[in-house]
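A.B. asks: What follows is each chain in one-letter form.
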Amino acid sequence: MRAEVLKGHLDALLLATLTDGPRHGYAIKEALRLGSGGRFDLPTGTVYPALHRLERAGLIRGSWSTVNGRRRRSYALTAAGRRTLSDERSSWREFSTAVTALLGDRPWPAAT
Amino acid sequence: MAGGNVSDPAIRDTVADYLAAVTAQLPGPAAARVGVTDELRDGLMEARGLHQARGCSPLEATAAAIAEFGPPASVVAATGRLGRRLGEGFGRRAALAPTAAAVAGLAAVLADLTLLAILGGQALASPGSLVWAPVIVAACASLTRVLLAGRAARRCLATRATLT
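So the sequences go chain by chain: B and U. With my numbering applied, the first sequence covers 477 to 588. With my numbering applied, the second sequence covers 14 to 177.
It should be emphasised that the hints constitute simulated quantities derived from the structure, not laboratory data. Certain hints may be false.
[What the hints assert, rightly or not] Label pairs and their in silico Cβ distance ranges:
no., chain 1, residue 1, chain 2, residue 2, range
1, U, 129, B, 543, 32 to 40 Å
2, U, 38, B, 567, 18 to 26 Å
3, U, 91, B, 496, 20 to 28 Å
4, B, 510, U, 120, 36 to 44 Å
5, U, 66, B, 483, 24 to 32 Å
6, U, 67, B, 485, 24 to 32 Å
7, U, 71, B, 514, 47 to 55 Å
8, B, 517, U, 71, 16 to 24 Å
9, U, 148, B, 533, 36 to 44 Å
10, B, 543, U, 127, 49 to 57 Å
11, B, 552, U, 51, 31 to 39 Å
12, B, 563, U, 67, 31 to 39 Å
[Claimed, not checked] Simulated coverage check for chain U against chain B, where a stretch passes if three residues somewhere in it have a Cβ under 8 Å from a Cβ of chain B:
no., stretch
13, 49 to 56
14, 79 to 91
15, 161 to 169
Glycine is no exception: its CB is placed at the ideal position from the N, C-alpha and C atoms.
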């Protein structure tokens with residue numbers, strides 16, 4: 477999967493991984509990899525800055541905890557994040573329906 | 014979850030060296046770098062645990078985790094500006110020191126300008142009563158302090174802006 481194809485959808489995908497509850501950065505990266513059947517294996521270094529950007533935007537909220545003797549930062553969706561994710565899902569459905577219709581292997585409407 | 018405490022000194026050193034290399038290149042104050050380093054350490058340990066669960070030896074798993082995160086320079090480049098991204102008031106707390114320094118600088122400017130105004134007023138009202146040599150020295154020292162404190166306050170306010 478080409479990185480530039482994913483680029484415009486990265487924020488929505490990161491938000492989606494938090495639907496069921498908080499996750500830490502590496503777990504988010506792994507959720508994307510496993511959830512996509514290995515297609516979206518992001519460079520780990522790019523995930524953290526993207527999360528920090530979403531946090532600055534108020535879409536996710538980070539909090540520290542201690543696990544196995546080391547500090548862990550976990551992220552959870554905010555109310556604004558849930559709304560954004562819902563909007564992103566709707567617009568993706570519209571977009572993908574249109575693209576599927578256009579790229580599908582079927583006859584085009586007759587030219588006028 | 015994968016990745017417990019690291020008891021093998023070789024692994025500990027490898028991880029520590031990698032994190033030190035990242036931290037050394039990160040811009041921003043030390044306090045802000047701690048958050049980034051802690052988050053990366055946790056991620057590295059998780060990745061290491063995962064590679065170990067797939068059958069790697071602890072050392073191989075550590076090397077694989079580090080390779081997965083990429084060269085320190087790439088991590089630094091992707092991380093971007095510090096301070097703005099740690100949330101939960103971290104930036105605001107870190108910004109307290111430059112804020113206090115900026116207030117102190119501005120207070121020094123205000124005090125010196127007041128002093129200079131009083132001296133100037135006295136000099137105009139009764140020029141004969143002043144001993145000029147110490148007045149001139151004090152005035153020059155005050156002007157220098159005003160310039161330096163003003164510059165320091167501007168720098169402090171700029172630092173504060175990057176943290177909040």
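A.B. asks: Could you run down the list of hints and mark each one as holding or not?
C.D. replies: Each hint, compared with the structure:
1. U:129 <-> B:543: 32 to 40 Å: For residue 543 of chain B against residue 129 of chain U, whose Cβ atoms are near 59 Å apart, the range 32 to 40 Å is violated.
2. U:38 <-> B:567: 18 to 26 Å: 38 Å, violated
3. U:91 <-> B:496: 20 to 28 Å: Given a distance of about 27 Å, which is inside 20 to 28 Å, the answer is holds.
4. B:510 <-> U:120: 36 to 44 Å: 57 Å, violated
5. U:66 <-> B:483: 24 to 32 Å: 31 Å, holds
6. U:67 <-> B:485: 24 to 32 Å: Holds: the Cβ-Cβ distance is about 28 Å, inside 24 to 32 Å.
7. U:71 <-> B:514: 47 to 55 Å: Given a distance of about 25 Å, which is not inside 47 to 55 Å, the answer is violated.
8. B:517 <-> U:71: 16 to 24 Å: 23 Å, holds
9. U:148 <-> B:533: 36 to 44 Å: For residue 148 of chain U and residue 533 of chain B the Cβ distance comes to about 57 Å; the hint is violated.
10. B:543 <-> U:127: 49 to 57 Å: 55 Å, holds
11. B:552 <-> U:51: 31 to 39 Å: 18 Å, violated
12. B:563 <-> U:67: 31 to 39 Å: 38 Å Cβ-Cβ, so the 31 to 39 Å window holds.
13. 49 to 56: holds (count 7)
14. 79 to 91: holds (count 6)
15. 161 to 169: Coverage by chain B is violated for the stretch 161 to 169 of chain U (0 residues, Cβ < 8 Å).
Of the numbered hints stated above, those contradicted by the structure are hints 1, 2, 4, 7, 9, 11, 15, listed in ascending order.
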